[in-house]
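**Student:** Take a look at the letters that make up each chain.
6 protein chains.
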Amino acid sequence: MPIDSVAAADFGSCRYRGLPAAATDPIYGSASKLPSSAGDEFLFSSRATMGGDPMSNPNGSNVTELDVTHWPGVNTLAVSMNRVDFAPGGTNPPHIHPRATEVGLVTRGELLVDIIGSLESGNRYYSKVLKAGETFVIPRGLMHFQFNVSKEEASMVVSFNSQNPGIVFVPLTMFGSSPPIPTPVLAKALRVDAQVVDLIKSKFTGGY
Amino acid sequence: MPIDSVAAADFGSCRYRGLPAAATDPIYGSASKLPSSAGDEFLFSSRATMGGDPMSNPNGSNVTELDVTHWPGVNTLAVSMNRVDFAPGGTNPPHIHPRATEVGLVTRGELLVDIIGSLESGNRYYSKVLKAGETFVIPRGLMHFQFNVSKEEASMVVSFNSQNPGIVFVPLTMFGSSPPIPTPVLAKALRVDAQVVDLIKSKFTGGY
Amino acid sequence: MPIDSVAAADFGSCRYRGLPAAATDPIYGSASKLPSSAGDEFLFSSRATMGGDPMSNPNGSNVTELDVTHWPGVNTLAVSMNRVDFAPGGTNPPHIHPRATEVGLVTRGELLVDIIGSLESGNRYYSKVLKAGETFVIPRGLMHFQFNVSKEEASMVVSFNSQNPGIVFVPLTMFGSSPPIPTPVLAKALRVDAQVVDLIKSKFTGGY
Amino acid sequence: MPIDSVAAADFGSCRYRGLPAAATDPIYGSASKLPSSAGDEFLFSSRATMGGDPMSNPNGSNVTELDVTHWPGVNTLAVSMNRVDFAPGGTNPPHIHPRATEVGLVTRGELLVDIIGSLESGNRYYSKVLKAGETFVIPRGLMHFQFNVSKEEASMVVSFNSQNPGIVFVPLTMFGSSPPIPTPVLAKALRVDAQVVDLIKSKFTGGY
Amino acid sequence: MPIDSVAAADFGSCRYRGLPAAATDPIYGSASKLPSSAGDEFLFSSRATMGGDPMSNPNGSNVTELDVTHWPGVNTLAVSMNRVDFAPGGTNPPHIHPRATEVGLVTRGELLVDIIGSLESGNRYYSKVLKAGETFVIPRGLMHFQFNVSKEEASMVVSFNSQNPGIVFVPLTMFGSSPPIPTPVLAKALRVDAQVVDLIKSKFTGGY
Amino acid sequence: MPIDSVAAADFGSCRYRGLPAAATDPIYGSASKLPSSAGDEFLFSSRATMGGDPMSNPNGSNVTELDVTHWPGVNTLAVSMNRVDFAPGGTNPPHIHPRATEVGLVTRGELLVDIIGSLESGNRYYSKVLKAGETFVIPRGLMHFQFNVSKEEASMVVSFNSQNPGIVFVPLTMFGSSPPIPTPVLAKALRVDAQVVDLIKSKFTGGY
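Residue numbers (my numbering), protein chains in the order written: chain B, 225 to 432; chain Y, 225 to 432; chain G, 225 to 432; chain D, 225 to 432; chain H, 225 to 432; chain C, 225 to 432.
Don't read these hints as lab results, they were simulated from the structure.
Be aware that one or more of the hints could be misleading.
A pair counts as met if it fits within one copy or between any two copies, since identical chains are not told apart.
[What the hints assert, rightly or not] Dumping the calculated SDA-like pairs for lysine to any residue here, alpha-carbon to alpha-carbon at most 25 Å: (1) K355 with P406; (2) K375 with L423; (3) K355 with M274; (4) K352 with L336; (5) K355 with V287; (6) K375 with T429; (7) K352 with A311; (8) K427 with D277; (9) K352 with P282; (10) K427 with A356; (11) K425 with R415; (12) K425 with E376; (13) K375 with D277; (14) K375 with S402; (15) K355 with L423; (16) K375 with E334; (17) K375 with R415; (18) K425 with M274; (19) K355 with D422; (20) K427 with T293; (21) K375 with I391; (22) K425 with R271; (23) K375 with S426; (24) K427 with N286; (25) K427 with R415; (26) K352 with G431; (27) K427 with R332.
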């Protein structure tokens with residue numbers, strides 16, 4: 225009796241606190257390998273040991289995800305992680321996580337970590353340059369970004385209170401959706417001419 | 225024994241399902257008036273009967289909030305509402321609610337209602353012109369907007385599954401925070417020159 | 225890897241915030257059509273534009289449901305809606321929603337909206353005649369009803385903080401269950417003779 | 225720093241898992257005595273050892289409550305209990321708990337335990353005579369009742385997954401609210417004449 | 225359309241409040257029998273009427289579980305129960321329930337019921353001998369045990385606010401895991417020599 | 225109107241997503257300092273930059289807590305963190321967090337990270353030596369420990385999905401509670417003589 229999904233209603237699977245789901249479990253499907261022995265990659269992960277290349281995109285940053293898609297062991301446990309690497313001057317551009325609060329640790333270098341409050345706060349801007357070892361918290365659903373203000377590479381590891389926090393990169397969402405948001409809408413929203421909108425749009429035709 | 229706050233842990237106040245808190249309740253403070261009789265404004269509200277002036281700001285839209293600050297009766301009940309009025313061509317600019325999913329009803333006129341999925345969906349753009357009587361749902365934390373595509377005024381009433389959903393207006397948050405986000409950060413994020421950023425910033429010096 | 229059900233543990237499906245489930249998704253089964261394009265009936269619904277005939281049953285009211293069964297787009301999002309239409313003198317008889325708090329908007333006409341508190345409140349009776357544009361909130365699990373006190377038709381649109389709030393119509397549940405509640409039980413509960421119980425039971429043999 | 229109320233957001237108070245709140249705690253107020261030593265009535269209760277007199281009201285049953293008002297130790301823990309005693313022929317009349325699922329144990333005698341499903345189930349009626357030692361579950365918000373079908377006294381102890389489940393006695397709520405529901409509303413809802421409604425109302429003028 | 229798993233996101237299945245899942249439901253699988261009629265073992269259970277033999281193991285106690293595996297009717301309802309029987313001198317050894325708060329009723333005899341607070345409380349030890357009819361609450365995740373201090377058998381029935389609370393027996397987990405925890409780790413943790421650890425380990429080679 | 229506590233019912237304070245509570249806020253009391261400006265220690269913390277002395281106690285490890293007591297910024301946000309430092313051969317002895325799942329990152333050195341499943345899994349023992357950069361997840365309420373198997377110091381930073389996860393150190397709770405658990409109870413539970421119990425107890429008279 226596969227009861228993983230219903231146990232999820234209790235905020236945590238019974239099975240995942242004991243023996244993980246077998247290969248034939250309909251919840252995981254045939255692609256799921258059976259965690260076979262102590263020491264395997266089920267409750268542990270090496271995925272964050274190597275970051276990606278921050279220069280592979282215009283942002284100068286790279287996100288290595290450890291959400292439920294990449295780390296099945298967090299399934300039903302309402303947690304996940306990310307590692308982010310930054311080139312000098314690189315940014316993890318303004319974004320929000322629609323389904324999680326985030327806590328983070330700067331693990332290397334220095335990072336400007338900025339959080340902007342909601343309308344109720346007068347869009348208050350919280351900002352600090354954090355060094356390795358310092359931590360930050362991003363309340364659920366608020367816009368935030370990091371910026372590598374130093375001349376060295378920098379990295380951080382963050383954790384979420386959701387197995388699938390999601391990410392909405394604000395510039396990409398506004399200017400690079402599929403299909404695109406009509407230009408008049410964005411011109412009205414940004415209070416500028418259509419040419420300004422189209423200029424920015426042209427920067428996101430390549431996506432992320 | 226004021227147990228409203230602890231009862232909130234059960235997702236719903238004991239007291240608010242019976243007799244509301246008295247004036248001296250420390251949770252509500254002295255400013256709270258005692259709901260006195262059946263028929264008063266406690267579980268009922270007339271606040272949505274009159275919308276605000278949509279022409280009082282550059283967006284051409286006006287939000288009348290019925291969250292817990294404006295409608296104490298929803299306290300601990302994990303619901304709230306808003307009425308939004310639109311001038312012709314007016315927009316409720318791209319925004320997110322950090323703490324709630326929203327369902328809405330167009331009550332007058334026609335509105336373009338658009339929702340943009342997260343990165344995982346390829347920033348998929350959902351879009352439809354809705355007439356009075358049609359409904360829409362905005363998954364928690366996703367960016368969305370409405371635009372009055374007609375030559376008549378339009379209105380909608382929306383509901384949230386939080387007593388305090390919050391709102392993050394995207395352009396205002398990026399370009400009108402207090403204090404402002406540094407221009408180089410936004411130039412990097414938007415992939416444009418500082419002048420473009422400063423131009424847009426200049427449009428939000430007056431706030432919302 | 226179909227993870228919709230487990231993602232539900234995070235209070236919202238990952239997939240439904242991006243690309244919806246395909247036709248072969250085991251969660252939805254083969255009867256589920258693939259939401260094909262922006263503008264379709266996935267995150268939008270036209271179902272509330274037309275109400276049902278309030279004279280088709282003895283109550284003089286008709287409920288058009290937009291819960292997860294009728295609007296798959298709300299799946300995992302903890303919201304749903306209903307439209308209710310009333311003939312003059314019609315009533316949405318005393319009922320409770322076992323799994324949701326409700327907020328409502330009178331959209332046409334005038335409605336007496338009544339809510340009765342729990343035993344703890346001394347069964348306090350909240351009551352008000354609401355006009356179009358006015359709103360109300362029904363705390364989770366409390367008995368309530370609406371009654372069209374005018375000579376015109378009336379309508380309301382309500383929202384729930386559950387995708388499947390359920391409904392327990394009190395008279396129908398007491399007097400028209402399947403099989404019926406034994407008459408002696410109801411006679412004892414209502415403190416009347418069996419004939420009175422049987423009289424009321426006879427009115428509900430046709431069901432809703 | 226009294227953080228009990230905020231810790232409630234984590235589904236359980238920090239303080240209550242260690243040293244309980246002091247007498248001056250604003251959450252509990254001055255009426256709260258300090259749990260002083262192991263063995264006191266904080267995490268333990270003797271309240272259910274003695275039931276009340278089931279003949280003191282027309283129902284022939286008596287409820288001894290152990291919710292957060294009567295057992296402060298369950299505060300923030302999302303659990304509570306009740307003991308109910310039944311005279312022969314006594315009933316715990318049809319009622320719902322607006323904020324909890326209930327599990328119960330018959331501790332003495334025999335009880336008819338009945339549960340009626342929601343409209344979606346066709347108001348399906350689940351029914352069984354349970355002997356001492358047998359158990360039952362009442363899904364959240366559904367109407368249910370117990371009836372002592374034997375010639376001996378009977379008792380049960382039930383538990384809830386809320387510290388304050390609340391109770392809505394259906395006949396009392398319909399016919400004995402304060403102030404009363406207008407007779408024409410109930411006549412319409414029950415599909416009977418006003419005299420029948422007024423007859424039943426007259427039985428509840430004395431309340432519970 | 226099998227929506228049980230997703231409805232779980234609303235804290236309670238729609239289906240289980242009405243007609244239960246059929247035999248072919250993919251969530252329950254073919255082993256699941258169809259609850260056929262009112263009065264069956266779906267919302268009711270006789271499993272707690274007979275306890276197990278407390279002398280069948282070294283603890284002198286026996287647990288009869290009524291969690292979702294043994295009582296499918298509690299599925300999605302966030303409740304479950306246990307009956308525990310004790311021989312004279314028997315103990316339900318120190319254990320924790322990782323996913324639930326527990327409330328309990330002593331149904332026969334006398335039991336020492338002990339609860340130890342977390343580090344924050346200075347590991348405060350709550351302790352009381354309870355007689356039949358007395359109740360206790362165990363905050364989620366705290367270590368606790370019962371001990372039959374009398375010369376008669378004793379029993380209790382407990383309820384949880386999870387359909388699958390889980391159990392971690394502390395001595396068994398430390399000294400009888402599979403494979404075993406390395407002795408040097410336990411010696412360091414317990415601040416004793418390896419021989420002491422190995423002595424205790426030898427007592428748990430037979431398991432529970 | 226201080227509504228922080230009630231907003232907590234919505235899984236996140238309104239106020240904390242905007243302007244933090246003032247010094248006179250009854251929820252925080254007079255000891256709470258007003259977060260004064262962007263860049264302060266409200267949403268940021270330097271507390272994890274310096275670990276404690278792992279040789280100051282018999283375990284050879286030191287925990288630096290960043291829960292809500294030490295980092296008020298996480299209040300109502302359902303997250304918190306810890307830094308733990310290990311001497312060579314040091315251990316974070318077997319413990320459980322009663323109210324949270326944990327994810328962790330080894331930041332320095334090598335650590336044996338071990339997790340023991342519940343009874344349902346046969347007390348399955350998950351074990352791996354993790355190097356700096358590797359991560360692990362501890363399902364809510366399960367017993368686990370870390371052990372520094374190298375000759376160098378080691379450190380880790382962990383995150384919780386609760387602002388106040390709590391900690392139950394198993395040996396300390398069993399053998400060093402206040403007042404102590406009676407020796408016969410522990411002798412019965414561990415299946416050894418009283419002398420063995422008293423020997424271990426003697427090691428914990430100094431506490432943690």
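**Student:** The structure should be examined with respect to each hint, and the outcome stated for every one.
**Tutor:** Do the hints match the structure? See the list:
1. For the identical chains of this complex, K355 and P406 are inter-copy neighbours only, at 19 Å across copies versus 41 Å inside a copy, given an alpha-carbon limit of 25 Å.
2. In this assembly of identical chains, the alpha carbons of K375 and L423 never lie at most 25 Å apart, being 29 Å within a copy and 29 Å across copies at closest.
3. Taking the shortest Cα distances, K355 and M274 sit within 25 Å of each other both inside one copy (20 Å) and across copies (12 Å).
4. Taking CA atoms no more than 25 Å apart as the test, K352 paired with L336 passes inside one copy only; the shortest distance there is 6 Å, against 35 Å between copies.
5. In this homomeric assembly, K355 and V287 come within 25 Å of each other (Cα to Cα) both inside a single copy, at 19 Å, and across copies, at 21 Å.
6. Proximity of K375 to T429 under the C-alpha cut-off of 25 Å is found in neither arrangement, the shortest distances being 29 Å within a copy and 32 Å between copies.
7. For the identical chains of this complex, K352 and A311 are intra-copy neighbours only, at 19 Å inside a copy versus 32 Å across copies, given an alpha-carbon limit of 25 Å.
8. Taking the closest pair of Cα atoms, K427 and D277 come within 25 Å of each other only inside a single copy of the chain (20 Å); across copies the shortest separation is 36 Å, beyond that limit.
9. For the identical chains of this complex, K352 and P282 are intra-copy neighbours only, at 24 Å inside a copy versus 32 Å across copies, given an alpha-carbon limit of 25 Å.
10. When the C-alpha separation of K427 and A356 is checked against a cutoff of 25 Å, the pair qualifies neither within a copy, at 32 Å, nor between copies, at 37 Å.
11. Both within a single protomer and between protomers do K425 and R415 lie at most 25 Å apart by alpha-carbon distance, with minima of 15 Å and 10 Å respectively.
12. For a Cα distance limit of 25 Å, the shortest separation of K425 from E376 qualifies neither inside one copy, at 30 Å, nor across copies, at 30 Å.
13. Taking CA atoms no more than 25 Å apart as the test, K375 paired with D277 passes inside one copy only; the shortest distance there is 16 Å, against 33 Å between copies.
14. Taking the shortest alpha-carbon separations for K375 and S402, neither the intra-copy value of 35 Å nor the inter-copy value of 28 Å comes in at or below 25 Å.
15. Within a single copy, K355 and L423 get their C-alpha atoms no closer than 35 Å, and across copies no closer than 33 Å, so neither meets the 25 Å cut-off.
16. For a Cα distance limit of 25 Å, the shortest separation of K375 from E334 inside one copy, 9 Å, qualifies, whereas the shortest one across copies, 29 Å, does not.
17. In this homomeric assembly, K375 and R415 come within 25 Å of each other (Cα to Cα) only across copies, at 20 Å, whereas the closest approach inside a single copy is 35 Å.
18. In the homo-oligomer, the alpha carbons of K425 and M274 never lie at most 25 Å apart, since the shortest distance is 32 Å inside one protomer and 38 Å across protomers.
19. When the C-alpha separation of K355 and D422 is checked against a cutoff of 25 Å, the pair qualifies neither within a copy, at 38 Å, nor between copies, at 29 Å.
20. With identical chains, the CA atoms of K427 and T293 are never at most 25 Å apart, being 29 Å at best within one copy and 41 Å at best between copies.
21. Taking the shortest Cα distances, K375 and I391 never come within 25 Å of each other, neither inside one copy (27 Å) nor across copies (36 Å).
22. In this assembly of identical chains, K425 and R271 lie within 25 Å of each other by CA distance neither inside one copy nor across copies; the values are 34 Å within and 36 Å between.
23. Taking the shortest alpha-carbon separations for K375 and S426, neither the intra-copy value of 29 Å nor the inter-copy value of 31 Å comes in at or below 25 Å.
24. Proximity of K427 and N286 under a CA criterion of 25 Å is satisfied intra-copy only: 18 Å inside one chain copy versus 32 Å between copies.
25. For the identical chains of this complex, K427 and R415 are neighbours both inside a copy (19 Å) and across copies (6 Å), given an alpha-carbon limit of 25 Å.
26. In this homomeric assembly, K352 and G431 come within 25 Å of each other (Cα to Cα) only across copies, at 24 Å, whereas the closest approach inside a single copy is 29 Å.
27. For a Cα distance limit of 25 Å, the shortest separation of K427 from R332 qualifies neither inside one copy, at 30 Å, nor across copies, at 37 Å.
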